[in-house]
Amino acid sequence: MRSGQEMLQQIVDKSALNADFRQQLLADPKTTICQELGITMPETMTIKVHESDMQTVHLALPPDPNITEEQLEAISAGLCCCW
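0 is the number of the first residue of the sequence shown in numbering that gives the first Met the number 0; add one for each residue after it.
Note that these hints are calculated values from the structure, not bench results.
Just so you know, even glycine gets a beta-carbon here, dropped at the ideal spot from N, CA and C.
Check before you lean on any hint, since a few could be wrong.
[To be verified] In silico PhoX-like links for lysine-lysine, alpha-carbon gap of 25 Å or less: (1) Lys-13 x Lys-47; (2) Lys-29 x Lys-47; (3) Lys-29 x Lys-13.
[As the list claims (entries may be wrong)] So the derived label-pair ranges between C-beta atoms look like this: (4) Gln-4 x Ile-66: 30 to 40 Å; (5) Met-44 x Ser-2: 13 to 23 Å; (6) Ile-66 x Leu-16: 10 to 20 Å; (7) Glu-69 x Met-0: 26 to 36 Å; (8) Met-53 x Met-0: 21 to 31 Å.
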């Protein structure tokens with residue numbers, strides 16, 4: 000099984016090489032990622048994609064360490080690629 004970092008890198012690499020994929024990723028990130036990686040995500044999960052530029056820095060904070068049982072199950076089942 001690939002790590003979350005490997006899956007993320009696959010998405011980033013493809014978005015750098017394929018303009019259509021990049022636009023799909025920006026327009027509908029959850030569906031695009033699920034299709035590309037062959038995974039499913041819980042309905043309650045939201046994916047946000049931001050385009051970087053030289054004037055903006057995006058800081059993604061890790062989730063609250065007090066995660067719910069449902070979130071823990073999603074992580075352990077491999078449904079979440081970001082933790």
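Check your understanding: What hints, given by number in increasing order, does this structure fail?
Key -> 4, 6, 7 and 8
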